[in-house]
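In order, the protein sequence lines correspond to chains H and C.
For the first sequence, position 66 (counting from the first letter as 1) is numbered 66 according to UniProt numbering, and the numbering increases by one without interruption.
For the second sequence, position 137 (counting from the first letter as 1) is numbered 137 according to UniProt numbering, and the numbering increases by one without interruption.
Because the hints were derived from the structure by calculation, they are not lab data.
In this text, all values refer to a predicted model and were calculated from it rather than measured experimentally.
Hints should not be assumed to be uniformly reliable.
As the list claims (entries may be wrong) - Among chain C residues calculated to face chain H with C-beta under 7 Å, some are:
(1) Ile12
(2) Arg17
(3) Glu39
(4) Glu82
(5) Met86
(6) Cys90
(7) Phe147
(8) Ala152
(9) Leu154
Said to hold, decoys possible - Ranges of calculated distance between the beta carbons of each label pair, as one might list FRET restraints:
(10) Ser38/C x Asp84/H: 27 to 37 Å
(11) Leu21/C x Asp15/H: 31 to 41 Å
(12) Pro114/H x Ala85/C: 25 to 35 Å
(13) Arg112/H x Ala85/C: 22 to 32 Å
To be verified - Taking beta-carbon pairs under 8 Å as the criterion, some of the chain H residues facing chain C (in silico):
(14) Glu24
(15) Leu27
(16) Trp34
(17) Lys69
(18) Ala72
(19) Met80
(20) Arg112
(21) Pro114
(22) Pro117
(23) Ala134
Glycine is no exception: its CB is placed at the ideal position from the N, C-alpha and C atoms.
Letter by letter, the chains look like this.
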Amino acid sequence: MSTPVSIAVLDETHDEHRLRALLERGLPLTSRPWHSLAEQCGMSEADVMACVRRWQAEGLIKRMGLVVKHHALGVRANAMVVWDVPDDAVSELGQRLAAEPAVTLCYRRPRRLPDWPYNLFCMIHGTRRDRVLAVLGGIVERQALQAIPHRVLFSLKAYKQRGGRYTREDDSHDRRTPQPA
Amino acid sequence: MAALDSLDRRLIDAYQRGLPLVAAPYAAMAEQLGVSESEVVERLQRLQALDVLSRVGPVFDHARAGASLLAAVSVPETERDEAAAMISRCPEVNHNYAREHRYNLWFVMTAADETQLGVRLDTLEAELGRPLLRLPMLEGFHIDLGFPIPWAELESS
Numbered sequence: 001m002s003t004p005v006s007i008a009v010l011d012e013t014h015d016e017h018r019l020r021a022l023l024e025r026g027l028p029l030t031s032r033p034w035h036s037l038a039e040q041c042g043m044s045e046a047d048v049m050a051c052v053r054r055w056q057a058e059g060l061i062k063r064m065g066l067v068v069k070h071h072a073l074g075v076r077a078n079a080m081v082v083w084d085v086p087d088d089a090v091s092e093l094g095q096r097l098a099a100e101p102a103v104t105l106c107y108r109r110p111r112r113l114p115d116w117p118y119n120l121f122c123m124i125h126g127t128r129r130d131r132v133l134a135v136l137g138g139i140v141e142r143q144a145l146q147a148i149p150h151r152v153l154f155s156l157k158a159y160k161q162r163g164g165r166y167t168r169e170d171d172s173h174d175r176r177t178p179q180p181a
Numbered sequence: 001m002a003a004l005d006s007l008d009r010r011l012i013d014a015y016q017r018g019l020p021l022v023a024a025p026y027a028a029m030a031e032q033l034g035v036s037e038s039e040v041v042e043r044l045q046r047l048q049a050l051d052v053l054s055r056v057g058p059v060f061d062h063a064r065a066g067a068s069l070l071a072a073v074s075v076p077e078t079e080r081d082e083a084a085a086m087i088s089r090c091p092e093v094n095h096n097y098a099r100e101h102r103y104n105l106w107f108v109m110t111a112a113d114e115t116q117l118g119v120r121l122d123t124l125e126a127e128l129g130r131p132l133l134r135l136p137m138l139e140g141f142h143i144d145l146g147f148p149i150p151w152a153e154l155e156s157s
């Protein structure tokens, strides 16, 4: 599964593009949030909801709900674990790691030799470093990964953390400045 | 950690996904939780003010919503904050972390398409004066951060 780029975006109307730009910044906390969005992009409330339903069905929207800042909640031990996996085994291992309950994100990425030999990335979030390391130890054991070189990159500081903005800056007419993390 | 009571926790536990797609979603959530709509809205506003809640809404699949790239750069520790500020200033950067490695700054940049992303990365690379490690996603196995919050662990730590 390589990454298709921008396919879902091509047949979007101008109003839908505007809606997506607004949605990337979050739903208004008002009684009829879809209605507020509809007014801002010249669509009807029903059309806005139908569009969101379609994006969900197409997989453009992965989930919809409260997007929390884990660091602020105290889930502060954030380990990026990188693995140097033989190319013919990386996809299969990626699937196995993704099925581990403690793994919150898992991606295959290119090596950049000689500086960067790692081709599989996963994130493990937890409350404390020692707990995250213990969880990782359990994964290495269960998945028999003792022979696969890996490094653990704990985060030291979150300088910035917010949702991705894929639409162009001027699409939402949003004048708020980005929140520092 | 900010003091969150049981209603805050129930809200987070129940609605990291599955926000009801109805005209009045906060009223629908309130009904499920046995509280009033205004209580739900006030809680969400408070969680946002506490900076615990980033937003309510959809999480787009970044591979399909546009172009996105993880990049890293190696800077001397003494210059780290300065370089990080330069990176964070880019409106296209949504995550920017210091990590324990020779490559000590890691960030994600997004843009409407690959061309725009490439241009912005080149500009930032020139500004930083150091080569960027560019690590596009080739395959995603699990790309959802809506995991259950370990409340009990948070209390005991």
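Here is how each hint holds up against the structure:
1. Ile12: Holds, because the Cβ-Cβ distance from Ile12/C to chain H comes to roughly 6 Å (cut-off 7 Å).
2. Arg17: This interface hint holds because 4 Å falls under the 7 Å limit.
3. Glu39: violated (12 Å)
4. Glu82: violated (11 Å)
5. Met86: Violated, because the Cβ-Cβ distance from Met86/C to chain H comes to roughly 10 Å (cut-off 7 Å).
6. Cys90: Violated, because the Cβ-Cβ distance from Cys90/C to chain H comes to roughly 9 Å (cut-off 7 Å).
7. Phe147: Interface hint status for Phe147/C: holds (5 Å vs cutoff 7 Å).
8. Ala152: It is violated, given that the least Cβ distance between Ala152/C and chain H is near 10 Å, above 7 Å.
9. Leu154: Hint holds; Leu154/C Cβ to chain H Cβ min 5 Å, cut 7 Å.
10. Ser38/C x Asp84/H: 27 to 37 Å: Violated: the Cβ-Cβ distance is about 54 Å, outside 27 to 37 Å.
11. Leu21/C x Asp15/H: 31 to 41 Å: violated (18 Å)
12. Pro114/H x Ala85/C: 25 to 35 Å: Taking Cβ atoms as reference, Pro114/H and Ala85/C lie about 30 Å apart, which means the hint holds.
13. Arg112/H x Ala85/C: 22 to 32 Å: holds (25 Å)
14. Glu24: Because about 7 Å separates Glu24/H from the closest Cβ in chain C, which is inside the 8 Å limit, the hint holds.
15. Leu27: holds (4 Å)
16. Trp34: With Cβ-Cβ at 6 Å, under 8 Å, it holds.
17. Lys69: Holds. Min distance 5 Å.
18. Ala72: holds (5 Å)
19. Met80: At 6 Å from the nearest chain C Cβ, Met80/H passes the 8 Å test, so the hint holds.
20. Arg112: holds (6 Å)
21. Pro114: Hint violated; Pro114/H Cβ to chain C Cβ min 12 Å, cut 8 Å.
22. Pro117: This hint is violated: Pro117/H lies away from chain C, its Cβ roughly 12 Å from the closest one there, beyond 8 Å.
23. Ala134: Since chain C brings no Cβ nearer than about 12 Å to Ala134/H, farther than 8 Å, the hint is violated.
Violation of the numbered hints given earlier is confined to hints 3, 4, 5, 6, 8, 10, 11, 21, 22, 23; the remaining hints are satisfied by the structure.
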